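Asks: Protein chains in written order, with the numbering used here: chain V, 1 to 112; chain G, 1 to 111.
Nothing false has been slipped in among the hints.
Straight line, CA to CA, 25 Å or less: simulated DSS-like cross-link-like pairs of lysine-lysine:
{"#": "1", "chain 1": "V", "residue 1": "K11", "chain 2": "G", "residue 2": "K42"}
{"#": "2", "chain 1": "G", "residue 1": "K57", "chain 2": "G", "residue 2": "K68"}
{"#": "3", "chain 1": "G", "residue 1": "K15", "chain 2": "G", "residue 2": "K58"}
{"#": "4", "chain 1": "G", "residue 1": "K58", "chain 2": "G", "residue 2": "K5"}
{"#": "5", "chain 1": "G", "residue 1": "K5", "chain 2": "V", "residue 2": "K57"}
{"#": "6", "chain 1": "G", "residue 1": "K58", "chain 2": "G", "residue 2": "K68"}
Everything labelled a hint here was simulated from the structure, so no lab data went into it.
Computed from a predicted model, the values in this text were never measured in an experiment.
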Amino acid sequence: DAGITQSPRHKVTETGTPVTLRCHQTENHRYMYWYRQDPGHGLRLIHYSYGVKDTDKGEVSDGYSVSRSKTEDFLLTLESATSSQTSVYFCAISEAGSGGYTFGSGTRLTVV
Amino acid sequence: QQQVKQSPQSLIVQKGGISIINCAYENTAFDYFPWYQQFPGKGPALLIAIRPDVSEKKEGRFTISFNKSAKQFSLHIMDSQPGDSATYFCAAIGGADGLTFGKGTHLIIQP
Numbered sequence: 001d002a003g004i005t006q007s008p009r010h011k012v013t014e015t016g017t018p019v020t021l022r023c024h025q026t027e028n029h030r031y032m033y034w035y036r037q038d039p040g041h042g043l044r045l046i047h048y049s050y051g052v053k054d055t056d057k058g059e060v061s062d063g064y065s066v067s068r069s070k071t072e073d074f075l076l077t078l079e080s081a082t083s084s085q086t087s088v089y090f091c092a093i094s095e096a097g098s099g100g101y102t103f104g105s106g107t108r109l110t111v112v
Numbered sequence: 001q002q003q004v005k006q007s008p009q010s011l012i013v014q015k016g017g018i019s020i021i022n023c024a025y026e027n028t029a030f031d032y033f034p035w036y037q038q039f040p041g042k043g044p045a046l047l048i049a050i051r052p053d054v055s056e057k058k059e060g061r062f063t064i065s066f067n068k069s070a071k072q073f074s075l076h077i078m079d080s081q082p083g084d085s086a087t088y089f090c091a092a093i094g095g096a097d098g099l100t101f102g103k104g105t106h107l108i109i110q111p
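Please build the complete structure, drawing on both the sequences and the hints.
Replies: In structure tokens, the structure reads:
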């Protein structure tokens, strides 16, 4: 997906370990979002950012933290991964906060 | 509380037929209603979107119908093709709190 890159694309980790997912954009968009996608639940918002060092919680923020020290990077951290956090994680960007979002290709995270 | 309800969960349509996916919302602060298309292994991609000041928007074979009084909107895919087989998500947003998504419809177009 042009302008937005997620890393890693796949990760397997053990319960209780910390995990950080990275979202990098080259579009200079102000807004960035982290969603998780699970069967039967669609996409649910974890955290979002409306500027450098400005972040807020979404619908399913428990167990997750985020940081945004630069416009282009938005990091999602699972402080102590649990099996319930096995999911596909998507980052999205938006220029205006409303309107269309552009999504990354996702990170498939498996917690064993 | 689910703010955007989407139906059906899955849909099978014959090639050339019309695919219809419906969504209903509750939050009257929503002011932008996009539809996203997602293929396996890919992120969702914006397909078409509408604002509540219009009742219909058409882009090629894809049409959104919007009923503000009923708080419902739907996606119609005309002349459905096998390449349209994907998962479709309706969504809504009002303000900067992020898009709220429906749970998705898995669409299969049979040749």
